[in-house]
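For the protein sequence lines, the chains are A and B, in the order given.
The first sequence begins at 1 in this note's numbering and counts up by one.
The second sequence begins at 1 in this note's numbering and counts up by one.
A portion of the hints provided could be inaccurate.
[Said to hold, decoys possible] Selected chain A positions facing chain B (Cβ under 7 Å, derived; list incomplete):
no.	residue
1	Pro-101
2	Leu-116
3	Met-118
4	Val-119
5	Arg-126
6	Leu-130
7	Gly-131
8	Glu-133
9	Arg-143
[Stated by the list, open to error] Label-pair ranges, simulated between beta-carbon atoms:
no.	chain 1	residue 1	chain 2	residue 2	range
10	B	Trp-194	A	Thr-85	46 to 52 Å
11	B	Val-320	A	Phe-190	35 to 41 Å
12	B	Pro-174	A	Thr-158	51 to 57 Å
Simulated from the structure, these hints should not be mistaken for lab results.
Idealized CB from N, CA, C, for every residue including glycine.
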Amino acid sequence: MDDATLPVEAGAAQPRLEAQDKPHHEDRDVPRLEARDISMRFGKVVALENAHMAAHAGEVTCLLGDNGAGKSTLIKVLAGVHPPTEGACLLDGEAVHFLSPREALNRGIATVYQDLAMVPLMSVWRNFFLGSEPTTGRGPFRRIDVGRCREETHTQLTAMGIELRDPDQPVGSLSGGERQAVAIARALHFGARVLILDEPTAALGLRQSERVLEHVRHAADRGVAVVFVTHTPHHAHPVGDRFVVLRRGRVVANEPREALPVEKLAALMSGE
Amino acid sequence: MSRRASGSFTRTFLGPGAAAAVGAILIWLLFAGAAGSAFRSMAGTASYLNAAAPLGILAVGVALLMIGGEFDLSVGSIVGVSGMSVMLLTTELGWSVWPAIAGTVVLCLLIGFLNGLTVVRTQLPSFIVTLATLFILRGLTIAAARGFTSRTQLGGLDDISGYEIARAVLGSAPVGGLRISIVWWLGCAALATWVLLRTPWGNWIFAAGGQPEAARNVGVRIGRVKIGLFMTNALCACLVGIIQAVRFSGADALRGQLQEFYAIIAVVIGGTLLTGGYGTIVGAVIGALIFGMVRQGIVMSGIDADWFQVFLGGMLLLAVFVNRTVLVRAQRAS
Numbered sequence: 001m002d003d004a005t006l007p008v009e010a011g012a013a014q015p016r017l018e019a020q021d022k023p024h025h026e027d028r029d030v031p032r033l034e035a036r037d038i039s040m041r042f043g044k045v046v047a048l049e050n051a052h053m054a055a056h057a058g059e060v061t062c063l064l065g066d067n068g069a070g071k072s073t074l075i076k077v078l079a080g081v082h083p084p085t086e087g088a089c090l091l092d093g094e095a096v097h098f099l100s101p102r103e104a105l106n107r108g109i110a111t112v113y114q115d116l117a118m119v120p121l122m123s124v125w126r127n128f129f130l131g132s133e134p135t136t137g138r139g140p141f142r143r144i145d146v147g148r149c150r151e152e153t154h155t156q157l158t159a160m161g162i163e164l165r166d167p168d169q170p171v172g173s174l175s176g177g178e179r180q181a182v183a184i185a186r187a188l189h190f191g192a193r194v195l196i197l198d199e200p201t202a203a204l205g206l207r208q209s210e211r212v213l214e215h216v217r218h219a220a221d222r223g224v225a226v227v228f229v230t231h232t233p234h235h236a237h238p239v240g241d242r243f244v245v246l247r248r249g250r251v252v253a254n255e256p257r258e259a260l261p262v263e264k265l266a267a268l269m270s271g272e
Numbered sequence: 001m002s003r004r005a006s007g008s009f010t011r012t013f014l015g016p017g018a019a020a021a022v023g024a025i026l027i028w029l030l031f032a033g034a035a036g037s038a039f040r041s042m043a044g045t046a047s048y049l050n051a052a053a054p055l056g057i058l059a060v061g062v063a064l065l066m067i068g069g070e071f072d073l074s075v076g077s078i079v080g081v082s083g084m085s086v087m088l089l090t091t092e093l094g095w096s097v098w099p100a101i102a103g104t105v106v107l108c109l110l111i112g113f114l115n116g117l118t119v120v121r122t123q124l125p126s127f128i129v130t131l132a133t134l135f136i137l138r139g140l141t142i143a144a145a146r147g148f149t150s151r152t153q154l155g156g157l158d159d160i161s162g163y164e165i166a167r168a169v170l171g172s173a174p175v176g177g178l179r180i181s182i183v184w185w186l187g188c189a190a191l192a193t194w195v196l197l198r199t200p201w202g203n204w205i206f207a208a209g210g211q212p213e214a215a216r217n218v219g220v221r222i223g224r225v226k227i228g229l230f231m232t233n234a235l236c237a238c239l240v241g242i243i244q245a246v247r248f249s250g251a252d253a254l255r256g257q258l259q260e261f262y263a264i265i266a267v268v269i270g271g272t273l274l275t276g277g278y279g280t281i282v283g284a285v286i287g288a289l290i291f292g293m294v295r296q297g298i299v300m301s302g303i304d305a306d307w308f309q310v311f312l313g314g315m316l317l318l319a320v321f322v323n324r325t326v327l328v329r330a331q332r333a334s
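Just chain A, same shape as in the assembly:
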């Protein structure tokens, strides 16, 4: 499954892969989401230079790098926040040009940002269905189906091993790990095909991080293409199928798990 993704050497210009420009949905080797030769410049600042990565269905692709390496920029390109200066994103082998996060979301690309996934003062069920509220009734009497929201939230979170005392409790009263879990459960519930997780384990303790990593693995096992962004090799290594390492805007490694022991991963990130 990994064969379609060529390892990229540091700084090497990628030859264009003309043969893959036509869509082939049925082909299992076509990555679900691919960033091809992405360059991103903000004025004179080069944030990304010919970055290439692919996320396959059922796999966890880890995107690693130190602060300022370009991780956030790359996922924002994938999530439709920024159109890239050069290069293209391919969904199921088909070039896509998203103008907003909503467009990406409508095509099944869900992004969970570390701090901006939830509204802390709102209840768990209100957060869970925010922006996609199920309604009942017609015309001016159209209203949120609150009973269904509460029930569904409870069911989905129980399935992820989270015992919620009350779906009406504010998200602010959940732990950081539980919040990430709610965000992941929400993305899966609304049919995400690609799940981008921005530093979901940052600022979490050891036990909570482990729980979140379980959720990451679980999402991939359900057939979702997961992009897991982190700067901690020890979090990435146990769950990752493939590792893409960014340094100063360039991809310096793109290897399957077998080829990269955790020590080498750490060394690649720091550039030693």
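For this one, chain A is given, so just place chain B on it according to the hints.
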């Protein structure tokens, strides 16, 4: 106390509005004692409810907007625009009462739309944008009144066709001295509560004030929500202006002055956070009720009315302090 327990404690006992409800009961007891039967009687009750109603209608719109994370300082000026618009359309342009009311509603919705559009497009704080519209609208109202009539106080709405029905619907006092504006107040509050708690728009309003980036990330159109809130708010102010024009069968270009501050005070006393994302309409209703009770209760107790403002400011400080405690508790839980 565990984190969970403190979370539910906060919601049960210090939830928005709960502290204000306790405050309202204490203030009623205070004036029931100090002013005696004058305050407790039907006439006394009617007097503070009647005083609370127009402010209460404004507070409903201001509360929705504040929960959505924005301010509107121009509501008092919109009250002035609204009353003057009804008068000029009828007495100067010869419209009958109901078309004039319809035209005034459209005008006020347009003002709200422009307020919202300016805030959303420029990303400037709504405090500054609507402070500017406060003065622009007030100035325009005075200029328009003088330009058409060379006066700033107009009367004679009761001579215009359609006034009788308008008076019955908007300006009458059908039962025991209670004005029909109380019905409008409670009606607006009930409708707003339903929208806030039971419709997708309500969910988006909470999110717009609580964490707009998170809402945008899941596809909520925050700009639209905010513009809608400014228009709703302007509609509430419009209603108050129309009610007062009908009731007094005239308008004053200065009507509504300071009401924007009173409305914000009522909403904050009612437990809504100034920073948005948290609050209830019930709280705003109680805040307006407290305002009415204090305003009338002080007079009935024989205290000099000058003390009203001192009392109001003191209560605002106290309310903000209680609110902050709620916020700190909610955030500590995270």
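Please flag the earlier hints that this structure goes against, numbers listed from lowest up. Those not satisfied: there are none.
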